[in-house]
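Converting from the sequence shown to my numbering requires adding 863 to each position, the first position being numbered 1.
Treat the hints with care, since some could be wrong.
BS3-like mimics (lysine-lysine), calculated; alpha carbons at most 25 Å apart, straight line [what the hints assert, rightly or not]:
#: 1; residue 1: K1048; residue 2: K1257
#: 2; residue 1: K1004; residue 2: K1249
#: 3; residue 1: K926; residue 2: K1184
#: 4; residue 1: K1031; residue 2: K959
#: 5; residue 1: K925; residue 2: K935
I should point out that these hints are in silico values taken from the structure, not numbers from a laboratory.
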Amino acid sequence: MFQSLLACYSEKLKNDKGETIGYVYEDLWTKYASNLLGKVFMYAALFLIAALVIVGIVTRLKKAEKFSSYLKIAAAVGVSFALTVILTMLAVGFGKIGEKGYMQEKPMLLVLIPPMVLAGIAILGGIASYISYLYSKKAGKTVLYVTFALFAAALIATFVCLIVYFNKNISNDGYYDTADGSYGKVNQLVLYLASALLIAVALIAAFLCDKKGSFTFDSKSIALAGICVSLSFALSYIKPWDLPQGGSVTLVSLLPVMLFSYIYGAKKGLFVCFVYGVLQSLQDPYIIHPAQFLLDYPVAFSMAGLAGVLKNVNIKSQQLKFSLSALIGGTMRYVSHVFSGAFAFGAYALDAGAANVYTYSLAYNSFVFVDILLVIVAGALLLSSKSFVAETKKFSSNAQAEKTVPDGTESAGK
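Go ahead and model the full structure; you've got the sequences and the hints to work with.
Spelled out as C-alpha cells, the structure:
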C-alpha cells in the first residue's frame, strides 16, 4: 500500500515550461494520510481526555487545594496536544494543495491566500496583544485595536478577492451557476441578504442578552480565547463522520469555544467564534462566493458565540442553561449552512438526484444537530462538576475586576 501510494508521485502533470503542476493520481496520498492520522488522533484524544478526567477526579478528592493548579497543567497538556494535531493536519492540508497543483493556478490563489492572511493577523495579533497586556493595560488595548483594524481591512480584502474569483471562475460556469437555471444557480441577492440578516440577528441578540458584557479583551480573556480556539480547531480535525459534500460530525469541536462564550458572554463569544470560523476556512475549504464564504465559515461558526446569550439569565441549573444556549447557537449555525446549501450549492443537490434543493439542504445540513448534541452532552457533564463551575466563575469575576482598574495599570494577580 505504502509503495503504491508513493508511486502516485511518479505520474506528474507538467505545464509547457516543464514545471510540475499536479499529479495524475491526485488526492490519494493526502487522503490516506489524513484518514490515518485522523483515526490516530481520535484515539489519542479519547485516551488523553479519559486520563485527564481520572487524574482530575483523584486530585479533587485527595488534594482539593491542588485542583486549580491541576487545571492549569491539564490546559497546558491539552494545548500541546492541540498544536501537534493542528500543525500535523495543516501540513497534510498544504500537501493536498500541492498535490492538486492549486498553488500554480492563479485563480485559486484568490481563494487560498486571503483567508490565510486573515487567520495570520488574528493569531499574531492575539499573541502581540497578550504580550502587550503583560506590560500595561493601555499598551494591550492599543495593540488590540490595531489588530481589530488590520483584521477588518484583511476581511474586506478577502471579500474583494472572492468577488473577483466568483466573477471570473464561477459565474455562468455551467455547473454551480447557469444563466437559465438549467442546473446550478447561485442566488447572490439571497446570499448577501442572508449573511446580513444573520449577522444582524446575532449582534442584536448579543447586545440585548449580554448588556453587562463588552467587546474589550484583557490578558486573561485573550489567553483563554487562544486556548479554546486551539482546542476547538484541533478537535475539528477528528471526525467520526465526514460528509461527502462538506461538513462533518466532530469530536465535540465546538465545546471549547462555546464554553468560552458561556463564561464571558455573547459579545466576546461572537468575535472569538468569528475568528474560529475564519480558521475553519483553512481546513479543506469549499468556497465559491464571498457571501457563501461568510455563511459557511465566519458567520456559521460565530453563532457558537450565542452559547453566552443566557449568561445573565437566572437559571439555577448550569447544565440546563448551557444546553439551551448551545442549542440556540447550533440552530443558528444550521440556518446559516442551509442558506448556503440552498442558494450557492444547488448543483450538489441535483448531483444527488434531489428534486428540491431547499429540502435537500435542510436534510443534508441536519448533521449540525448531531454535532451539537455531542457538545451538549459533554458540556453538561463538565458543568455537573462544582469544582469546574467554580473555576469558570473565576474568569468572569476577574473580568469584572479589570473594569475597575485604571488604564495603564494591571489588576492584582496578573
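Next item on the list: Just pull the numbers of the violated hints for me, sorted ascending.
Entry: 1, 2 and 3
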